[in-house]
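Asker: Construct all of the structure, not just a fragment, from the sequences and the given hints.
In full-length UniProt numbering, the protein residues as written are 1 to 151.
These are calculated hints, taken from the structure and not from any lab test. Where hints are given, some of them may not hold.
[As the list claims (entries may be wrong)] In silico lysine to aspartate or glutamate, DMTMM-like type, Cα no more than 25 Å apart, as pairs:
1) K134 to E121
2) K134 to E149
3) K134 to D145
4) K134 to E124
5) K58 to D47
6) K58 to E44
7) K101 to D90
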Amino acid sequence: MPRKMALAPDPQAADRLTLEVDTVQDNMMERILQEITAVGRQLEGMDYIISTLVIEIKSIHSDIASFQSRMTGLEQRVTAVEDHLNTVPDREQELLFLSSKLIDLEDRSHRVNVHFFGFAERIEGPNIQAFLQKVLPALTCITFDPPLEFH
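Answerer: What follows is the structure in structure tokens.
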């Protein structure tokens with residue numbers, strides 16, 4: 001196998017190599033710094049977006065709480081209306097019963113009344129009892145002893 005020969009180091013070549021390595025290192029460091037700066041800007045943008053999202057979520061939470069309160073009120077009102085609707089048939093039956101009682105009482109009150117037909121209006125004058133005590137015995141040919149009393 002052939003042997004390699006050792007070359008004598010060239011000081012200028014070493015300086016050039018060192019300069020190239022330093023340049024590559026500087027370029028890499030600058031590029032890394034640029035990337036870190038870009039990532040930092042992106043993080044700042046994300047921080048703004050996240051804080052905006054937090055504000056929006058809080059607003060939505062507030063709206064949900066408001067809607068929940070309104071829904072509770074609506075549920076209570078619906079329950080009250082349903083309860084009222086459940087009592088309507090009972091009240092309707094009670095109204096029909098009271099209406100029939102009223103009709104019955106009106107009929108009974110008219111049974112006691114006496115209606116006279118064939119007399120001119122206001123012929124009785126100011127005292128209807130005196131008029132009837134005079135006219136009824138004459139019409140019926142009955143003498144009432146004691147005289148008729150009216151209530």
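Asker: Are there hints from earlier that the structure breaks, and if so, what are their numbers?
Answerer: none
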